[in-house]
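> Sequence:
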Amino acid sequence: MTGFNQFYYSFSPTIADYERENPAFKETVKIAITPMLTSLAILNYVDIDSEEEMLGYGIGIILLNIGMYFIAPAVVIFKIRKRK
Numbered sequence: 766m767t768g769f770n771q772f773y774y775s776f777s778p779t780i781a782d783y784e785r786e787n788p789a790f791k792e793t794v795k796i797a798i799t800p801m802l803t804s805l806a807i808l809n810y811v812d813i814d815s816e817e818e819m820l821g822y823g824i825g826i827i828l829l830n831i832g833m834y835f836i837a838p839a840v841v842i843f844k845i846r847k848r849k
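Position one of the sequence shown corresponds to residue 766 (our numbering), numbered consecutively onward.
No lab work stands behind these hints, which were simulated from the structure alone. Bear in mind the structure is a predicted one, so any value in this text is a computation, not a measurement. Every residue gets a Cβ at the ideal spot worked out from N, C-alpha and C, and that includes glycine. Incorrect hints may have been included.
Unchecked claim - Estimated spans, in silico, between C-beta atoms of each pair:
1. Lys849 <-> Val811: 39 to 45 Å
2. Met819 <-> Val794: 27 to 33 Å
3. Ile845 <-> Asp812: 40 to 46 Å
4. Thr793 <-> Ala839: 17 to 23 Å
5. Thr767 <-> Pro788: 31 to 37 Å
6. Glu817 <-> Ser777: 31 to 37 Å
7. Gly821 <-> Pro788: 38 to 44 Å
8. Arg785 <-> Gly825: 31 to 37 Å
9. Val794 <-> Leu828: 21 to 27 Å
Just need the whole structure built from these sequences, with the hints factored in.
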């Protein structure tokens, strides 16, 4: 966890300052992280009774986020290029 904290705090203050100075960047960040935060909200509606269930839900949410952030945009780009 220490390594993650060092990595995160090496750039986080700079990004926070830039968000305060640039409202357009702040909105872009908000739009970019909203799907991820929404997918994590799924965990509020499930009963998790074991580590195995938590692992299963966690893997499912990771796959959902990969689909939203990488696969869906790639499909859209592919279809747009195919039209031309």
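> Confirm or reject the claim that Gly821 and Pro788 have a C-beta distance inside 38 to 44 Å.
40 Å, holds
> Between Arg785 and Gly825, is the Cβ distance one that fits in 31 to 37 Å?
35 Å, holds
> Could one say that the CB atoms of Lys849 and Val811 fall in the range 39 to 45 Å?
Given a distance of about 43 Å, which is inside 39 to 45 Å, the answer is holds.
> With respect to the beta-carbon atoms only, verify the hint that Ile845 and Asp812 lie 40 to 46 Å apart.
42 Å, holds
> Is the gap between the beta carbons of Val794 and Leu828 within 21 to 27 Å?
23 Å, holds
> Looking only at beta-carbon atoms, does the pair Thr767, Pro788 fall within the given range of 31 to 37 Å?
Cβ of Thr767 to Cβ of Pro788: about 34 Å, so the range 31 to 37 Å holds.
> Lying within 17 to 23 Å: is that true of the beta-carbon distance Thr793 to Ala839?
20 Å, holds
> Return holds or violated for the Cβ distance of Met819 and Val794 against the range 27 to 33 Å.
Given range 27 to 33 Å: holds, Cβ gap about 28 Å.
> Given the hint of 31 to 37 Å, is the C-beta distance from Glu817 to Ser777 inside that range or not?
33 Å, holds
In this structure, every one of the numbered hints holds.
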